[in-house]
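Asks: Chains S and R supply the protein sequences, listed in that same order. Going letter by letter, the first sequence gives residues 1 to 111 in our numbering. Going letter by letter, the second sequence gives residues 1 to 116 in our numbering.
Careful, some of the hints might be misleading.
Said to hold, decoys possible - Which bits of chain R does chain S cover? Going by a derived footprint, with three or more residues having C-beta under 8 Å, they are:
hint	segment
1	11-23
2	65-77
3	80-88
4	101-107
What the hints assert, rightly or not - Using C-beta positions, here's what the derived DEER-type ranges look like:
hint	chain 1	residue 1	chain 2	residue 2	range
5	R	R81	S	N56	48 to 54 Å
6	S	N56	R	R64	42 to 48 Å
7	R	P61	S	N8	23 to 29 Å
8	S	E66	R	T104	38 to 44 Å
9	R	S102	S	S25	18 to 24 Å
It is worth saying that the hints were derived from the structure and are not from the lab. Note that the Cβ used here is the ideal one computed from N, Cα and C, for glycine as well.
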Amino acid sequence: DAKTTQPNSMESNEEEPVHLPCNHSTISGTDYIHWYRQLPSQGPEYVIHGLTSNVNNRMASLAIAEDRKSSTLILHRATLRDAAVYYCILSKRQAGTALIFGKGTTLSVSS
Amino acid sequence: GAGVSQSPSNKVTEKGKDVELRCDPISGHTALYWYRQSLGQGLEFLIYFQGNSAPDKSGLPSDRFSAERTGGSVSTLTIQRTQQEDSAVYLCASSLAGTSASDTQYFGPGTRLTVL
C-alpha cells in the first residue's frame, strides 16, 4: 500500500491560514488523496479529496503537487473548532476501499 | 438527513463475556465498514461489507471477532470471550457505493468498549 508521511503536530493561531503537508511519494496513478479529520471524542469526518487538480470546498482547499508526490491541506482561517487530528490517506484500489489511517497531524489552534 | 448511528455509546464488560455492537448506516449506503481505535493509536480496519457480496474480513484480529449485516442495512459486530486488549473505540462508517477510490466514508460516533 502506498504510504503517507505527515508531521506529528502543528500549531496555529486563530484566524490565520494553516497549511498541513503530506508526502506520498509512492502514490500510484489512480490513487485518490483523501483528507479526514478527527475532533476530540468524535469519529473521523471527511474534509476533502482530489486526484490531480486542486480542489476547494466549504471546509478547506487541497493543493496537489504536479507530480502528485505531495499535497497540502489548506485551512484558510483556522478556528478553535479546527483543532483536531488530520489524516492524509491514499485510497486503495483493491475491491473494497477501506481507509488506511496513519498517525496524522495533530493541529492545535490558539486564540 | 440522519448520519451513521451506533449503539451503545459506551459498553463496560467483564473479561470473558461476549458483546454486540450495533451500527445503523446512512439510508441507501451499500458499503459499511468497521474500524477500531485503541487508546493513542490510529484507526485500524476490521471488516467491510459491500451490498450482497461476501464481506472482506481481512482486518479482523482473531476468530473471536465476527460481524453480520442483515438486509443490507444494520450491522452487528460481535466480540466473543472479550479480552482486556479489546478495549477500544469501535467505529462504523458507511459510503454510498464502496467500489470507487473516490468514495467518501461517513463515520458514526463510535462505541467505547471497556473490558475489565
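Asks: Against this structure, judge whether each hint is valid.
Replies: Comparing the hints with the structure gives:
no., hint, in the structure
1, 11-23, "violated (count 0)"
2, 65-77, "violated (count 0)"
3, 80-88, "violated (count 0)"
4, 101-107, "holds (count 7)"
5, R:R81 with S:N56: 48 to 54 Å, "49 Å, holds"
6, S:N56 with R:R64: 42 to 48 Å, "45 Å, holds"
7, R:P61 with S:N8: 23 to 29 Å, "26 Å, holds"
8, S:E66 with R:T104: 38 to 44 Å, "25 Å, violated"
9, R:S102 with S:S25: 18 to 24 Å, "21 Å, holds"
Against the hints set out earlier in the document, violations occur for numbers 1, 2, 3, 8.
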